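Put together the whole structure using the sequences plus the hints.
Here is how the chains run, residue by residue.
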Amino acid sequence: MFSLEGITTNVQDWLLMKFNPTMALTIECVIVILLSISLFALLGLVLVLMERKVAAHIQIRLGPNRVGPGGMFQTVADTLKLIMKEGLVPDKADKFLFNLAPFVVMMVGMLLLAPIAFAKNFQIWDINIGVLYISSVSSLSVIGILMAGWASNNKYSLLGAMRSGAQIVSYELSAGFAVLTIVVLTGSLQLSEIVNAQQNGWWIFKGHIPAVIAFVLYIIAVTAETNRAPFDLAEAESELTAGFHTEYSGMRFALFFLAEYINIFIVCAIGATLFFGGWMPLHIGNWEAFNHIMDYIPSSVWFMGKTFFLIFLIMWFRWTFPRLRVDQLLNLEWKYLLPISLFNLLLVAVIAILGWHF
Amino acid sequence: MFLKEYITDVVTGVTSLLKGMRKTGYYFTHPKEIITEQYPDNRATLLLSDRFKGEVVMPHDANNEHTCTGCTACELACPNGTIKVVTKFETSPEGKKKKAIDTLVYRLELCTMCNLCIVACPSDAIKMAPNFEHSVFDRTKLTKVLNQPGSKIREGIE
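First to last, the sequence lines map onto chains A and B.
The C-terminal position of the first sequence is numbered 358 in the working numbering, with every residue numbered one higher than the one before it.
The C-terminal position of the second sequence is numbered 158 in the working numbering, with every residue numbered one higher than the one before it.
Note that these hints are calculated values from the structure, not bench results.
Because the structure is a prediction, the values reported are computed rather than measured.
It is possible that some hints are incorrect.
Simulated pairs of lysine-lysine, DSBU-like, Cα-Cα distance not exceeding 35 angstroms [as the list claims (entries may be wrong)]:
id: 1; chain 1: B; residue 1: Lys23; chain 2: A; residue 2: Lys335
id: 2; chain 1: B; residue 1: Lys4; chain 2: A; residue 2: Lys206
id: 3; chain 1: A; residue 1: Lys335; chain 2: B; residue 2: Lys4
Label pairs and their computed distance ranges (CB to CB) [to be verified]:
id: 4; chain 1: A; residue 1: Met84; chain 2: B; residue 2: Gly54; range: 35 to 41 angstroms
id: 5; chain 1: A; residue 1: Arg66; chain 2: B; residue 2: Ala62; range: 39 to 45 angstroms
id: 6; chain 1: B; residue 1: Ala77; chain 2: A; residue 2: Ser238; range: 37 to 43 angstroms
id: 7; chain 1: A; residue 1: Val46; chain 2: B; residue 2: Thr143; range: 51 to 57 angstroms
id: 8; chain 1: B; residue 1: Val14; chain 2: A; residue 2: Trp14; range: 39 to 45 angstroms
id: 9; chain 1: B; residue 1: Ala77; chain 2: A; residue 2: Gln59; range: 37 to 43 angstroms
To give an idea of the interface, some chain B residues facing chain A are shown, with a C-beta separation under 7 angstroms as derived from the structure [unchecked claim]:
id: 10; residue: Gly20
id: 11; residue: Thr36
id: 12; residue: Glu37
Built from N, CA and C at the ideal position, the CB exists for glycine as well.
Shown next as structure tokens:
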């Protein structure tokens with residue numbers, strides 16, 4: 001049976017056989033870096049195409065259908081165009097920060113990749129404070145966005161960046177509380193342990209209604225955190241031209257665009273890990289035969305399937321809901337999501353202490 | 001009381017959002033609803049709406065007869081001088097002189113498809129046609145004579 005775990009062990013054994021441990025570790029680092037960069041590039045291409053296709057089908061259109069079979073190579077062509085375009089820097093912009101900002105945003109995405117379990121025992125860094133690491137690092141992306149907005153020397157960029165700052169800082173709270181409900185149920189911050197705790201059922205089933213509420217809150221909060229519609233005030237094409245990346249062009253713009261999709265992938269991957277059991281196959285009670293068949297599907301396929309389902313859900317939101325106003329956005333967070341998530345956390349704590357979950 | 005209002009707010013909000021998602025989800029899962037016309041490929045079967053305004057034409061019947069009396073109402077109605085009616089006098093067999101059109105010149109490159117000439121025409125001699133592939137390399141090809149050569153006015157049209 002196909003498993004990524006076997007490949008990694010084989011590679012490590014071979015490297016340790018050929019080189020001394022330090023050299024082997026260095027080579028492994030290089031391999032990991034190359035793999036994560038290629039994953040980024042691939043995800044950018046796939047997700048942009050997926051977004052355009054989903055958008056088109058929701059709006060009763062066909063979407064890209066000219067480049068390659070079914071428009072498959074549309075995003076490749078777009079990327080080639082963006083690479084060849086001139087990257088303009090505005091005259092009065094802060095050159096250093098302007099050039100640095102896209103890389104900060106990308107770097108946050110790359111850092112977040114570290115604790116995610118892509119398959120059984122296939123994880124870059126199984127850190128024991130994984131959830132805390134994720135929530136702390138993901139809030140760094142606001143620095144990149146503020147940097148981009150402020151350094152552009154453009155009123156639209158500045159407004160977009162400020163809105164983005166208010167949005168990310170406030171929605172981080174309810175996202176954090178939603179994640180905490182699962183931490184309370186599991187009793188661990190380590191992502192691999194959270195996944196292992198879901199061997200006999202995913203938390204969204206085991207945790208009753210509070211887990212479902214936490215999942216809904218999580219999805220709403222991360223949609224806001226990744227600056228996507230209906231919370232795309234930071235970009236708001238109709239009001240701010242393009243928000244914080246108004247002045248960006250060429251490859252720098254592509255990096256921002258890529259970072260948006262990488263962030264979606266990462267938050268969906270974390271959502272899948274916490275609520276849908278990560279790479280854990282679907283097991284139902286005592287149905288031995290059914291469980292056995294489910295075990296035959298590779299764990300990486302399970303993980304990717306769940307993640308892409310959540311990504312589809314977020315895209316579905318984007319192409320259905322109208323954009324919120326700033327006051328509505330903050331009302332939603334401070335008057336609805338935060339009190340509900342606090343109450344929900346209390347409920348989950350009671351359930352976990354009394355052992356009412358399965 | 002406040003709590004009740006709060007919960008109703010949340011419930012109505014969520015249900016209305018779900019209603020919207022149901023609609024878009026229906027469209028997503030039913031590709032037969034797609035209305036995209038893949039234009040150059042489906043040229044033969046392309047369907048345009050009846051009210052599409054592509055150019056002004058003058059319908060002729062099987063006897064090569066039209067209903068234009070040469071009253072120049074269309075020329076007067078046109079805001080940018082697109083139509084030019086050249087009239088002549090025809091002598092009927094009884095020796096009566098009657099005004100008729102020699103040529104009705106229509107300059108497509110000046111036309112904004114505003115439909116005013118069609119509205120102004122008292123005898124419904126001209127109408128809008130759904131043709132839109134008008135690009136040519138030579139501008140003079142856009143100046144068209146709408147009445148066909150040898151055509152004449154239908155009997156009984158005054």
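Given the hint that Lys335/A pairs with Lys4/B, test it: the Cα-Cα distance must not exceed 35 angstroms. 15 angstroms, holds
Is the gap between the beta carbons of Val46/A and Thr143/B within 51 to 57 angstroms? 52 angstroms, holds
Using the beta carbons of Val14/B and Trp14/A, state whether their distance is inside 39 to 45 angstroms or not. Violated - the Cβ-Cβ distance for Val14/B and Trp14/A, about 54 angstroms, lies outside 39 to 45 angstroms.
If you check the beta carbons of Met84/A and Gly54/B, does the distance land in 35 to 41 angstroms? This hint holds: roughly 38 angstroms between Cβ atoms.
Does the beta carbon distance between Arg66/A and Ala62/B stay inside 39 to 45 angstroms, or does it fall outside? With a Cβ separation near 43 angstroms, Arg66/A and Ala62/B satisfy 39 to 45 angstroms, so the hint holds.
35 angstroms Cα cutoff - pair Lys4/B, Lys206/A: 29 angstroms, holds
Given the proposed pairing of Lys23/B with Lys335/A, does the C-alpha separation stay at or below 35 angstroms? 28 angstroms, holds
Tell me if Glu37/B is really an interface residue toward chain A, meaning its C-beta lies closer than 7 angstroms to one of theirs. 10 angstroms, violated
Hint status (Cβ of Thr36/B to nearest Cβ of chain A, threshold 7 angstroms): 4 angstroms, holds
Lying within 37 to 43 angstroms: is that true of the beta-carbon distance Ala77/B to Ser238/A? At roughly 38 angstroms between Cβ atoms, Ser238/A and Ala77/B fall inside 37 to 43 angstroms, so the hint holds.
Do the Cβ positions of Ala77/B and Gln59/A conform to the proposed distance bound of 37 to 43 angstroms? For Gln59/A against Ala77/B, whose Cβ atoms are near 39 angstroms apart, the range 37 to 43 angstroms holds.
Hint check, Gly20/B versus chain A [nearest Cβ-Cβ separation less than 7 angstroms]: At about 5 angstroms, which falls below the 7 angstroms cut-off, the nearest Cβ of chain A leaves the hint on Gly20/B intact, so it holds.
Violated hints, listed in ascending order, are 8 and 12; each of the other numbered hints is respected by the structure.
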